[in-house]
Each structure stands twice: as C-alpha cells, then as structure tokens.
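Colleague: Protein sequences, first through last, are from chains A and B.
Numbering-wise (the working numbering), the first sequence opens with residue 1 and increments by one.
Numbering-wise (the working numbering), the second sequence opens with residue 1 and increments by one.
Worth flagging that the hints you see were computed from the coordinates, not collected in a lab.
Treat each hint with caution, since some may be false.
[Unchecked claim] Examples of chain B residues lying across from chain A (beta carbon under 8 Å, computed): (1) Y27; (2) V30; (3) E56; (4) D57; (5) D67; (6) F68; (7) R70; (8) S79; (9) G93.
[What the hints assert, rightly or not] Quick list of in silico lysine to any residue cross-link-like pairs, SDA-like style, CA-CA up to 25 Å: (10) K48/B / D39/A; (11) K112/A / D56/A; (12) K104/B / L207/A; (13) K48/B / V126/A; (14) K139/A / F88/A.
All figures in this text were calculated on a predicted structure; none of them were measured in a lab.
Glycine is no exception: its CB is placed at the ideal position from the N, C-alpha and C atoms.
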Amino acid sequence: MVATGVVQADDFIVYSPHVLATQSEIELRGYGYGDPRADFNGGNAAELSVSHAFTDWWKPEIYLTRYEKEPGSGGRLLGYEFENTFQFTQPGEYWADFGFLASYEHQIVAGKPDAVEFGPLVEKTVGRFTHRFNAIWEKQVGAGAGGKYEFRYSYSGTYAVSAAFRPGIEAYARPADDAYQAGPIVAGEWHVPGTTSSLEYRFGVVLGLNAAAPRRTWLTQVEYEFF
Amino acid sequence: MKHPFLIAAPMLLALAGTAAANDLPEYTLVVKDHVYKPSEIKVPAGTKFKLIVRNEDPTAEEFESTDFNREKIVLPNSSVTVYVGPLRAGSYGFFGDFHQATAKGRLIVE
Ligand SMILES: [Cu+2]
Chain A
1 MVATGVVQAD DFIVYSPHVL ATQSEIELRG YGYGDPRADF NGGNAAELSV
51 SHAFTDWWKP EIYLTRYEKE PGSGGRLLGY EFENTFQFTQ PGEYWADFGF
101 LASYEHQIVA GKPDAVEFGP LVEKTVGRFT HRFNAIWEKQ VGAGAGGKYE
151 FRYSYSGTYA VSAAFRPGIE AYARPADDAY QAGPIVAGEW HVPGTTSSLE
201 YRFGVVLGLN AAAPRRTWLT QVEYEFF
Chain B
1 MKHPFLIAAP MLLALAGTAA ANDLPEYTLV VKDHVYKPSE IKVPAGTKFK
51 LIVRNEDPTA EEFESTDFNR EKIVLPNSSV TVYVGPLRAG SYGFFGDFHQ
101 ATAKGRLIVE
C-alpha cells in the first residue's frame, strides 16, 4: 500500500522549544485528509497526551492513545509514545531560542516496529511575530526495524493579533515521501478567568504543493493547561 | 541529510556570537498583591535588556505579553529573568495571566 509511508511519517505539529516550568497539559491533536485519491481518501489520525514540565528546561509528554485510520482500511490503535522537550536557551536570550525533541514510540500493531524521533527545535520571536522551525529524524528500532533515518522538517509563522487570535501559516516537508505541504492556520490561548488554567487551540488546513502530497490535510488541536 | 548534527554547528555559533547576555541592562519588576510595581518602565529603543520579575505574593503568577511575545511562570516568593527586545520605540503592554484584572503594566520604549 503506497500510502502507508505517508500516513505514519508526520504528526503535523511544529514544536516550540519553550518549556513553562510546572505547567501541566492535556492535549488532543488530530488530522484528516481531504483528498479523493485512493492513497489518501478517508485517512485520519488522532492522539491524546498528557505532559508536565518538571523544570524550566524539561517537559516529558506521554501519548496515552494514538489512533490512526489508513485510507481504505479500518481504524486502529497504534500504541504509546514518550516524548521529551528540552529547552536549551531562555526565550530571547540569544538570536533565536533553541531546544531539542527526543521521543520513543512503542507500537502495539503486529509487524510495526518501535521508533525513535529526535531533532532540534528553533524559535524566533520578533515583536508579535513568532517563527518556528523543526528538523526531525525518525529511525525504527527493535525487531523488524528498517535501518534508515527518515527526515522531515517543518515551519510555522504566526502573528499575535491578540493572545486568543494568532493567525499564520505552517509548512511540512517529508523528502522521503516527496511530500510538501503548506497552508493557513489559526491558534490562540484563552485564559479561564479567576484560575491558573487556560485553553489553547489550533486549527488549519495545509495544501499539497506537489502531486505526491495529500491535496488537503485538516489539522486540529485543543489543549487544556493548568498549574 | 545523513548528518543530524550538522545543524548543531550553526546553533553553537549563534550561541557563541551572543555570549554577552550577562552585560545587558537590567530592570526589576515586583509583583505584590497581584499588582506590578512599577506599572511603567522606561527602556531604551533598539537594545536588548533583562527584566527581573520578582513575585512577592504567596501564589504563582504568569508574566505575559502579547505585544512583545513572552510568557513565563514566576513561582511564589521567587524571581525569573525575562529577556526582552530589542524593541522599536512605542508602548508595549504586559500582564499577569493569573490576575489579569489587577496585574497590568507597560514598557515605554524610547
Ligand atoms: Cu499564558
């Protein structure tokens, strides 16, 4: 099945290197393809995760549920993931802010090997603009693992009209799949009055820039943050 | 892209090139009774600086600004350093995310 490589290769998020000490998060994130071609039609995925920043430089996150429906087949649960964000520099301290992502994916699907993922996270803020860049290498590990590194990179640029309304663009590139996508997104944060918690959202659609990429990919993310 | 760590070299260079972060001008902001003191700070335009935010309340506060894009938790009775700028001349608001009604302030950049 041609689409298999495409479906598992991206999680459609551009990570920030920033870690907010003592913050906890519950996050639901998903995407779905809008493309009638057989390789993509009906494909979608969703993940539920929890995280807690134990220090101002380390945020581990556990993906409790990872669901995926490949085009032309039924939905299934994939397994668990343990993801770590490391913040190396303070926001604004240097020309850009640097961090690192390192995660381990444990698959429960027969014949699907576990995987590690890692790479640098970069963010640069200029006034109300925020630019983010991620470069991520993925490598299968354990029984049946392929020996190759699969590389992908992504960019997001947003402008804060207000805390609750940050429109922008996101772009995703997966050279191994020959898939390039970009499109508009909107994100924001709404503070729950009188509490130390807030709700964050991010919605968007990235369009295929070449024929090998899905024509449209709808992105959704909602997050509850508390201290 | 077989060499993941190629990307680390420019990162380190960028760090080395701006290692003088300790010499930056410093301004202090105190949170007390969920109010920022002072509520206005004058800072020079086009210069990076440090904002020391000290929380003297028994509850946590989140120092936040949409105008200059910062967000940082200040635990009770402790302080944090927030790097800001360089900014263009103008007025930039900040607030305490956990006590938005009272914790408000501005940077006057000139
Ligand atoms: Cu906030």
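Colleague: Okay, which hints does this one fail, numbers in order?
Modeller: Numbers 1, 2, 3, 4, 8, 9, 10, 11 and 12 - these are the hints that the structure violates, sorted from lowest upward.
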